[in-house]
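Enquirer: Put together the whole structure using the sequences plus the hints.
Read off the chains here:
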Amino acid sequence: MNSILLSVDWALVLEKTLFIAFIISISLVIAMYTTYGERKIAAWIQDRHGPNRAGPFGLLQPLADGLKLFFKEEIIPNSSNKFLFILGPSLAMITAMLTGAVIPWGDKIEIFGRSISLQIADVNIGILYVFGVVSLGVYGIMIGAWASNNKFSLMGGLRAASQIISYELAMGIALIALLMTSGTLSLGEMVRQQQTGGWNFFIQPLGFLIFLICAFAECNRTPFDLAEAENELIGGYHAEYSSMKLGFYLFAEYINMFISSAVMASLYFGGYDIIPFYDESAWGLSVNTMAVLGALALFVKILLLIFVFMWVRWTIPRFRYDQLMNLGWKGLIPLALFNMLITAAFILFLRK
Amino acid sequence: MQLTNRAKSVDRRPLSLMEKIYLPAIFKGMGITFSHIFKKKVTINYPEETRPFSPVFRGLHILNRDEEGRENCTACGLCAVACPAEAITMDAAERLPGEEHLYREEKYAAKYEINMLRCIFCGLCEEACPKDAIYLTETFAPANYSRKSFIYGKDNLVIPHPKENSDAFQKAKGLIDERKEKAKQEKTA
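Line by line, the protein sequences are chains A and B. Under this note's numbering, the first residue of the first sequence carries the number 1, and numbering increases by one thereafter. Under this note's numbering, the first residue of the second sequence carries the number 1, and numbering increases by one thereafter.
Do not take every clue at face value.
Calculated pairs, PhoX-like style, for lysine-lysine (alpha carbon to alpha carbon, straight line, at most 25 Å) [claimed, not checked]:
| hint | chain 1 | residue 1 | chain 2 | residue 2 |
| --- | --- | --- | --- | --- |
| 1 | B | Lys131 | B | Lys171 |
| 2 | B | Lys148 | B | Lys111 |
| 3 | B | Lys163 | A | Lys330 |
| 4 | B | Lys163 | B | Lys111 |
| 5 | B | Lys131 | B | Lys111 |
| 6 | A | Lys330 | B | Lys131 |
Some chain B residues close to chain A (C-beta under 7 Å, calculated; not the full set) [stated by the list, open to error]:
| hint | residue |
| --- | --- |
| 7 | Lys28 |
| 8 | Gly29 |
| 9 | Met30 |
| 10 | Thr33 |
| 11 | His36 |
| 12 | Ile37 |
| 13 | Lys39 |
| 14 | Val42 |
| 15 | Thr43 |
It is worth saying that the hints were derived from the structure and are not from the lab. Small disclaimer: the values here were computed from a predicted structure and weren't measured. C-beta: ideal position from N, C-alpha, C; glycine also.
Expert: The structure is reproduced here in structure tokens:
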């Protein structure tokens, strides 16, 4: 027994636990303040001020919103399936948090002579893991919608399921082209490849565009927020939810947005790379400084992408269901296939 | 028959390729929304800032006093007669000896009530008043919890006393004078 305990690298366990806790709290705080940012940006785009009463510039608004959700009455409909009704938001929340595990948040840092990787798990199939978890995300919505025993919720759940399944295809095919150019499935390795050379965005602009559009759909963001569709489905899948269970659904949406921005920044914008086409190691800075700078660069990219999410949301109206399906199946999938074939042809041509 | 030349015929041609791609239109739209981020905001931070009222704004009523603090109203009832919403009621009383410092003329309003829920703020009472006694100000009816509290009595309506509470009186008086000035200008114009 002792030998087993001794053989475990406790420092590694400790550092990973601390790092996981750190990443989870960062995601939660960012998700919280994304709600604030969303309201502010929505307001600015509509020539308003946005929340500015709670604290300086309204910065305490997310806290006030969270408190309000906590103190609201928790209603579980009589005719609902209680277990699934509670499972829905928890699943949405858990799957939203899970993806953060494979994203490289920065390069290595060195503390007490130990080299610590700023990635929770550099799984060699990282991107497949991301896809797996993202597809699980639809269960949170579907189960919640089904368990509500409300026809509007069910409609929302159906829409969410069909939409996410359709757009995942185009997303996957867009990604295959990227995998062909980088030749690896590990997110850490992909980011390392982009450190010295250019970002994948310059190789795969069309792929990025398809990926971005599909990411909007996966996150159920406008113009693809058919699952919520307040004016048709009175809130869709979360129509029956109240209090913090509703809060979890809304929160999961914002965490999803944060994580998918992080995935896009890692896949297409070099992750923690600071300047494209330039080797930053020439600056001769220490490992830790470089890691902090890199992490900052990644967060700037993530925030910019989140801004794009919001910008698009407050610009484009919602698609109709048939338009959504047309765009997905007749527009994006052929385009993604075309992109994949072109990339494959180029790779064959250049290597021979 | 053509009434205006603003009518536009609807374009029902099928979408061109550029339109089918959606993206140019979307980028154009995003450009428009982005430019709005830097535009001047139309919202007014209400309690701190207030919107300037138009010269003809009609808000809550005020019952005027003269310079010595005597109430102008003689309870003649012309305002109540003029009121299309029948919001004004009053009880007249005779001024007793020793009350000359309270009321300007021999008759005064012992009770003067305006139901702010009935009032339509048309300002006909102001026009009807021969005694320079009732004016509409630039404050509007505040929210409240009961219907009863919207029936404003003399305690809510009479202007502050010019000697006992001169600051408040000057403030309220300023509003009245402004209105008088505007009315005069309107008449001459």
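Enquirer: Which numbered hints are broken by the structure, listed smallest first?
Expert: Result: hints 3, 6 and 7 break, sorted rising.
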